[in-house]
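Put together the whole structure using the sequences plus the hints.
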Amino acid sequence: MAELIKTATRLRELGVFVALIYLQEAHADDLWPLGYGIRSHASLEDRVAACTRFLEAHRELRGQLHAVAVDTMDDRFLHAYGAWPERYFLADLSGRITWASNSANDDGADVLKLLLDAAQQGPTAAQVRT
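Using my numbering, read the sequence shown as starting at 2 and increasing by one per residue.
Keep in mind that the hints were calculated from the coordinates and are not lab data. Any given hint might turn out to be false.
Derived Cβ-Cβ restraints for the label pairs, each shown as a range [to be verified]:
{"id": "1", "residue 1": "D111", "residue 2": "A20", "range": "18 to 26 Å"}
{"id": "2", "residue 1": "S44", "residue 2": "T10", "range": "28 to 36 Å"}
{"id": "3", "residue 1": "A70", "residue 2": "P34", "range": "26 to 34 Å"}
{"id": "4", "residue 1": "P34", "residue 2": "L117", "range": "34 to 42 Å"}
{"id": "5", "residue 1": "I39", "residue 2": "Q122", "range": "20 to 28 Å"}
{"id": "6", "residue 1": "D31", "residue 2": "H67", "range": "32 to 40 Å"}
{"id": "7", "residue 1": "Y37", "residue 2": "D93", "range": "34 to 42 Å"}
{"id": "8", "residue 1": "A70", "residue 2": "D118", "range": "38 to 46 Å"}
{"id": "9", "residue 1": "D118", "residue 2": "A3", "range": "16 to 24 Å"}
{"id": "10", "residue 1": "Q122", "residue 2": "S41", "range": "32 to 40 Å"}
{"id": "11", "residue 1": "K114", "residue 2": "L56", "range": "38 to 46 Å"}
{"id": "12", "residue 1": "L32", "residue 2": "Q121", "range": "22 to 30 Å"}
{"id": "13", "residue 1": "D76", "residue 2": "Y37", "range": "18 to 26 Å"}
Glycine residues also receive a C-beta, built at the ideal position from the N, C-alpha and C atoms.
If you want it as structure tokens, here you go:
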């Protein structure tokens with residue numbers, strides 16, 4: 002989390018609008034028996050409450066965000082953009098994705114460095130990698 006907060010801070014310094022899209026629960030015991038004691042969101046209200054708890058637990062991150070959104074219950078954002086927890090995107094002002102992390106070659110803090118590098122190159126130099 003410390004690297005993410007540092008990256009969000011640096012992105013803001015670069016003038017990047019930083020937003021978080023809260024997705025479906027990644028560790029739900031009713032989907033994956035991981036033993037976290039967490040269940041899938043049954044309603045949009047559940048998802049908003051989970052997002053609120055996440056942000057309360059990570060206030061320093063919340064302070065670096067310009068906006069927070071919650072995905073729909075049919076996971077429209079997740080499916081439209083191939084999102085997953087800890088996937089990162091850069092978009093231009095029209096909303097077109099100009100850069101996206103991918104699991105094939107991005108690992109941990111390295112993806113945050115790639116994100117910063119892409120942001121510093123500007124929207125014309127960044128390319129989507131899927």
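Which numbered hints are broken by the structure, listed smallest first? 5, 8, 11 and 12
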